[in-house]
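All chains, full assembly: derive it from the sequences and hints.
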Amino acid sequence: MVEELLSLKDVRAGYGRTEILNGVSFAVSKGERLAVIGRNGVGKTTLLATIMGLTRLHGGAITHAGARIDALPTHRRAERGLGLVPQTRDIFKSLTVEENIVAGLRGEGTLEQAYALFPRLKERRRNRGGQLSGGEQQMLAIARALAGRPSLLLLDEPLEGLAPVICDMLMDVFRRLAADGRTTVVLVEQHVEMAIDFADRVIILDAGQIVYEGLPADIRSDGSILSRFVGVALEPT
Amino acid sequence: MSLIPRDRRLRDLAILLGMALVLTAAFYAFPDNLAFATRVIIMMIFVLSLDFVLGVAGVSTLGHSALFGAGAYAAGLCAAHGWNEPLLGVVAGAAAAAFVALLSGLFLMRTRGLTLLMLTIAVTEVLGELANKFSDITGGADGLDIVMGPILGVFKFDFRGQVGYVYAACMLLLVFAFLRILIASPFGLAARGIKESPARMRAIGAPVYWRLVAIYTLGGALAGIAGALSAQSTSLVSPAVFDFQLSANALIMLILGGAGRLYGALFGTLVFMSVHEVAASVDPFNWLFIIGALLLAVVYVAPAGLLSLPDLVKRQLRFSR
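Line order of the protein sequences matches chains A and B. With the working numbering, the residue at position 205 of the first sequence is 205, and numbering never jumps. With the working numbering, the residue at position 313 of the second sequence is 313, and numbering never jumps.
Don't take each hint at face value.
[What the hints assert, rightly or not] For the chain A half of the interface with chain B, some residues (derived, Cβ under 10 Å), not all of them: (1) Leu82; (2) Pro86; (3) Asp90; (4) Val102; (5) Gly104; (6) Ala145; (7) Gly148; (8) Ile196.
[What the hints assert, rightly or not] Mimicking BS3-like on lysine-lysine, the simulated pairs with C-alpha atoms at most 25 Å apart in a straight line are: (9) A/Lys30 to A/Lys9; (10) A/Lys93 to B/Lys195; (11) A/Lys122 to A/Lys93; (12) A/Lys93 to B/Lys314.
Just so you know, these hints were derived from the structure itself, not from any lab. Just so it is clear, the structure is predicted and the values come from calculations on it, not from any experiment. C-beta atoms are modelled at their ideal positions from N, C-alpha and C, and glycine is treated no differently.
Okay, here's the thing in structure tokens:
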């Protein structure tokens, strides 16, 4: 039986009194790769922020590894093994690359693991975060999140604004992470094609609710799903 | 884990050695001004502690004199009750100020911005009033006259202030080295991360509130050392140690030199106190005008402090080529 790592039950959340998520329920199994897609402004980023405890929860329950985490502060969720790579590449610009990674180190995480995943960062380890290119900043944000050895990695549009060659390299890293079975990945992504290629399962959000949940193969075979809920079509293979 | 690369460690060691040389040179160059030089050194320790709290960790405070005062009174009370070994007084001063910082930090660190600024001032006012009120213990408005014993039972404070100067200089070197190591440690890294983005630090698992309380407590201990040294070098503790002016001056010194880099605290203090000394002797009533003008010029030309001037000039030269 596949072990459930994360589950959301009827989650309603938002910022202040504004409710963005209106009753979201889903579960993620250990080692699974879940893609969350949808149009702009449908609540994808809010969903990840809510799992991380960065929004106001109005109702519902969030469970991680069998324990309720919705009342825990953000840092306790991170301690439990949740790692977030935010959309804005939230690195510490005044700290060096090495300091950024060390700031996120926890448990068995080491600098060398981060450098093995992103050799480019080792070359630039003495540079400040603000001196890096967009792609390097994204690598750093991911390396810092991984330094905490998360069991659940939440990736919020990690490919946004990056060159295709960097996107391919990052997707390859995500695949390798998911392949070792220790890291479960929830990927929010605008590059629908790449997200579907990557995922074991896909969720489509619209207006703060899940409007579709299924397998990548089903989405590929039924072109109307994407055009109806996301407004895009997949490239013919 | 130390994050200071070897070349930077060597540079720090060289700077520490350089500081020791400058302090030694000042000892021989200004034998008749050692009391003033000691005041400068003590102020440097105080501004370093403020730099750690405000410049490194981003905790806004206008009440740092509360911690200076707590350290001064603790050392003073120790001496007044017969425990007049100076190092013991410094330890007592650091412990008392750390305790006050911990106690006040538990609620101060839940606030931020203007509220935090106002509350830090309020804490200082409360402590100043307590020092006035409990005159049986504190000597009230007259303060406490204290007599210090010899340091380690050997080195007696002398009239010319030589022992006091060397004692304060050693403390400055210790505090500076300690802060350099601390800032390069994961704890210091967390402090710098919190200054840049508390939310980001939370997201990577740092308990931001407790870290801030710890930072404030540590900064308090260092301010307490400065307070204790001040009490010991002047043999007097009065409620003036809680003056708002002291906190404000320390902040000006830090802005002058440049916050967040430790060296700025040293340089800013030296410039402020030297200008103050000279300007006040030329015009005792309008010296603040000079300080104000200097601060305006620095904030306008080099907002990151006087220490950023060489970089600014270099950039300007490169740009003009």
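Structure-based check of all given hints:
1. Leu82: holds, 9 Å
2. Pro86: holds, 7 Å
3. Asp90: Given a least distance of 5 Å, the restraint on A/Asp90 holds.
4. Val102: holds, 6 Å
5. Gly104: holds, 4 Å
6. Ala145: This hint holds: A/Ala145 lies near chain B, its Cβ roughly 7 Å from the closest one there, short of 10 Å.
7. Gly148: Holds. Min distance 6 Å.
8. Ile196: violated, 27 Å
9. A/Lys30 to A/Lys9: The hint holds at about 17 Å.
10. A/Lys93 to B/Lys195: Judged against 25 Å, a Cα distance of about 11 Å means the pair holds.
11. A/Lys122 to A/Lys93: Judged against 25 Å, a Cα distance of about 17 Å means the pair holds.
12. A/Lys93 to B/Lys314: holds, 22 Å
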